[in-house]
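J.: Spelled out, the chains give:
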Amino acid sequence: MEHNGLGDTSALNLTRRGVLGLGAALGVGAAVSACGGGSSTPPGAGAGANIGEGAYEGEKVTLAFWNGFTGGDGAFMKEMVKTFNTETENIEVQMNTLEWGDFYSKVPNAVASGAGPDVAAMHVDQVGTNAARRVIMSLDDFTGPMELQEDDFAETVWKAGIYDGQRYAIPLDVHPLAFYYNNKLLQQGGVSEPPKDRESWEAALTGMKSKGVEYPFWATATWPAHLIFISLLGQFGGSLYDEEAAKATFASAEGVEALEWYASHVEKGFSPKNVANDAQAQAFRQGRDAMTWDGIWMMNEWAKVQGLDWGASPLPQIGDEPAVWASSHQLVIMQQRQADENKLHAARDFIKYLSDNSIEWAKSGQIPARNSVRESDEFAALEVQSTLAEQLDYVIFPPTVPGIGDVTAPTFEQAVNTVVLGKADAKTALEDAAKKADALLEDNRKKYSA
Amino acid sequence: MAGTATAPASSSRGRRPGRDSSSGVVPGTVKSPTAVSPLTAYLFLAPYLVLFAMFVLAPILYGLWISLHDWDFLLPGKPFVGLQNYIDLFTPGSTVSGPFWSSMRATAIFTVLSVPIIVVLPLLVAVPLARKFPGRNFFRAVIFAPYVLGVAVIGILWRYLLDPNVGVLASMLDRVGLDSPPWLTDTPWVWGALVIPTIWWTLGYNMVIFLAGLQDISRELYEAAEMDGASPIQQFFNVTLPGLRPVLIFVVTITLLASANLFGQSYIITQGQPGRETRSAIMQIAEEGLARFNMGSSAAMSTILTLCLLLISLVMLSFTRERDAK
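Chains as they are written, first to last, in my numbering: chain A, 14 to 463; chain B, 5 to 330.
No lab work stands behind these hints, which were simulated from the structure alone.
A portion of the hints provided could be inaccurate.
[What the hints assert, rightly or not] Pairs of lysine-lysine, DSSO-like flavour, derived with a Cα cap of 30 Å:
#, chain 1, residue 1, chain 2, residue 2
1, A, 449, B, 82
2, A, 119, B, 82
3, A, 260, B, 82
4, A, 448, B, 82
5, B, 82, A, 460
For clarity, every value in this text was computed on a predicted model and none was experimentally measured.
Isolated chain B, as found in the complex (with noise of 0.2 Å):
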């Protein structure tokens, strides 16, 4: 907001004919005792450029070089092809372009799927439990608690509990005589299969930015609003979610991008099946660079996953910007 309010002062006055010459005369009648060289701006910005230059910037020019070549590191030619691992992913029957979409189209469902459950799902959690009462802490905690795993970890544990043929669940659904869906193999349950694990495994990680952002809400405006004698469901429309917005965006973004970044969930629970319908696209990355060594095509799946990633942060950050114009 404060951005706002003095970006349209400055540049009017930069734009302002003859300012610039006669600060560069005199510049020490212009400059307020206050005011410091833009320069030490960029100067506190440094360290942080500097590594952001190093570990995003510099390997993504590089993989972006990597991807116009045929590019194995250890080979002794890696001849240059130009834009020929994008025309091969984008020219149906090529040796990548039906895995690479496919694998898309199977990371592009799975998101779909998971992300309106993984964000609904810990604001409605949210809202109880950033309420005082005895064990509040408690539930808090067994609900991060799977967070704390690591993917390989759920991964075997849900493929052993949902495995149709040896799984605990097959085993209870055998008791009261029902067959278990055949989830690691076939679809649509395979969907299942990595979506349940998901939302049980990340629930607690959005919970506890909603939290955060619960606290944030001024008490005034749930008390006002009773006194006006609005509903607990009015006011959880008319002043929580509002007042959540920011967070609701922020959430819904890093989970879009989580989700988007599938990987072990359908290495392990599914391994990719039935055929290759559940690999993800990074799974594909993956085999085609690191198990293939064609960096090239591999890089250029990167960069075509990263620029469709990259829309997705847009069209969400716009709907941020649209409130701060209002």
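With the rest of the complex left out, here is chain A (with noise of 0.2 Å):
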């Protein structure tokens, strides 16, 4: 706790210095949970308000910015962030990268601590939770003088970064799931475009399984697996929760007709059996899986991949109508025990500046949140990016409710992990997830209200 310098006033070192004062045991304890604050109100609360207009001219700050671009995406990040600090005299901004697990297990701490970043970017099924758990502040007073609303963004994009109806994150991309094709072996099938409906798609497992390719769509078990299961519920018109999250909806018929869908790939033979970490995402690149749905940031481990003719379109439209899952990263202002005001300034900044810039972004295989953006000549020429953008009117997010993200994972992943390793039948697995789920949100409620 010692070790940090951000933001730190005597007065509260004077605090910490007297709780490690008292006994081990107790100022362990004390120490902790003085971590925690007790007050209702949180001290940075309003302190946006309290900022001018314009640009940051005050001293020269530091800000820390954490995020979790552990792949090709850090190398873009990066840049932008030595781009600004270059145009920017008095802001510098050192950037943190760690993986996301951690970063969501970290974070709090860090910033519960006084050690935290002043600036990061999240994924937006977090925001609700880091909101509800104070790790991140209300940027209602920052939106106004950033000069952006909600026309600037899709929509439902703008609108997932609001939880208990305050603003807590701008978004800086989208990033859907795609669906990659290997152009040669879709030729040796006989299939002279990629498929866009249930009719095509099935023909093009039949005519290139019939060809010679012995397994044209690896059904992975593991992640995206829940992804595409997420995708394809919405597109048989199912949804994972009911309007206020409160319970869980995707043991529906259309649920079960989804899983059931995904899963005959392994049972009819056109993916092989236990499909596990990866393995799908390796075939593709070895060229011996010729269609894949993965995520839209994949594409550049594609391009790295010498000889691989590969391209990318929307996901083709399974069910009734069209649907896919999508996330987005959003950048957060953390929620200090004592606010800076000019740190939050320089934030601010640090924030418009890469939203304004996020064509640059785009090019890690993102498609910017920013409309102005993702409708300049720029983004408009990086192909793979504007075409997968077409399916930005109908994503899906989660809810923004605390807890969320945590309640996958034991729930339908497992579910549909199980169903597509066969070891049981879609409608019995997505029952049992629900039913954990449904238990799971009534805990998260009572946990979070209290």
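Hints given; two lone chains; assemble the complex.
T.: This is the structure:
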């Protein structure tokens, strides 16, 4: 705790020292509970209101910017930060990247102990949780001076940053699933153009299978199988949760149909059995998998493979309506124990800069959330990204409810896994999972309303 | 051994009536010149005790305290719930009990499968490697080498070796016309995918401990056995094994504890598949506390796991005691 140099005031240090002075056992307890903060009004609330208009012009400040861009995307973000640092004399942004899994467990601790970041990027399904846990602050006072409003963004993604009537996050991008295909294998199977609906999808599978493509669609049982399920569920007209996110609705007839359709690829021999961790991506790289549904960010992975002739298009519409799973990276400002107006002002400038210049970020395999950027010629020139941006009208985001991200893994993600592995039937697995999800949602409601 | 010799003497002296008051009156006459204040021992132990209290005892007590609450360190309300977290864990059908006990089961299966092999195999390797022959150090180094790797490295390595569709082993089996078993996704194969890499990974560590233990067995015992006409196998069972007894118990204990702390292998290699069947207790505790932020119920789970491990350690410790008593 003593190692932070971020917005620490001497008063704060004094109390900490006092805490450390207590007996060892007591000290540990007291220090950690002190980290929790007991007051009901967060100390930084409303701090944004006092910052003037325009760019930050005060003394030089350093901002810590944390994110989970550990893949190829990290290099693009680093470059943007570097440019921002050279263009802005009095703000120095220091970027720190850690695995997303670690990120979500460490950031709250770090922020609570005063050693956390000032600005961060996080996934849209984590915004509610972190807002409720007071890890991030309300940005209601920030959007005005940033000159950002709803019209500037795709509607769904802008609304996803609202929790409990307040804005907590500025959307940076949208990253949906995409449909990737291997041109050579499609051709081999006599498929003239990538399938767009159920009929042409199934015709493509049979066509390729009959022409010696052993497995035209590797149906994985792990990531991103549950994202594929969410997309199909939407296409068949179902939903994960009811409107208040109080009850799970994925065990509906639509859910069962969606999961059975996906798992049928294994039963019908279009997919090998037991496709595990990354195997489908590996197979696509090796030119053994003809079609795969994976995140838009994977495009740069395929581009690295020499001799792989691939293309991308929106997910085919298997059900009655178009739908696709998507997530979004959202920019947030951390709730500091002691607000530093200079830093808040600098953070506001930095976020605005990232949003304004998100065309650079788009190159890492992302669709910018900002309309002006998405409608620019520069973005139109990014062939894959602009093709996949067509899906933006019908993306499915999880509801902004605290704890929602943690309901996924033990419930429908597990159900999808067991069904694709052929160890359970879709109806039973989904119904069991829905029961678990209802109990978890109930737990979360109790926990976050207390 | 020294302790058992002196303990009865001192305790009988303590029980003698009148002794305390007389020593209180003229302490100098009772104390022998070499006797030191009992406080001296505590003084020498103090540095360790302070660290132990701060980094072991206090967190344990604090964990117990947390386990009695509905605890999220960032939320203002941390209601005291008494034993509710424990009751939930023992109530079938609650949100926590099913996943927790299935993870305990996975941990137990892994421990039972892996510990015997990870104890016996290193011993069998250590015995020949304790002899002097050219290239001995090379073989010792080769066998120890995997241990220096992190669990993430061995995890990813074995995942790519074992993958039934794109793995190295699958491609080799394919060449001879065989299908690879579903190592990463189906029982019982998944246990192999957890146990085999663990054996390969930790074999060297136990081997080194056995090598050290073997060096402590007196050469003369072997010479005497040989003179009595004992075969190498008889020597192993009548000299080596008894000589290694304390080391063996130590190795079994630490291997048990290490196996019960299974995390990285199932996190990386099988990712808990199929379903959540290979999720370990530590994975479950970490998810409950650090992803779902239910530190109270997570701490309760840790307490139960700790009690189980404590019980195992006590049983192992009783083996050493038995020997001392003889």
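J.: With reference to the structure, classify each hint as holding or not holding.
T.: Hint check:
| no. | hint | in the structure |
| --- | --- | --- |
| 1 | A/449 x B/82 | holds, 24 Å |
| 2 | A/119 x B/82 | holds, 20 Å |
| 3 | A/260 x B/82 | holds, 25 Å |
| 4 | A/448 x B/82 | holds, 27 Å |
| 5 | B/82 x A/460 | holds, 9 Å |
Of the hints listed earlier, there is not a single one the structure fails to meet.
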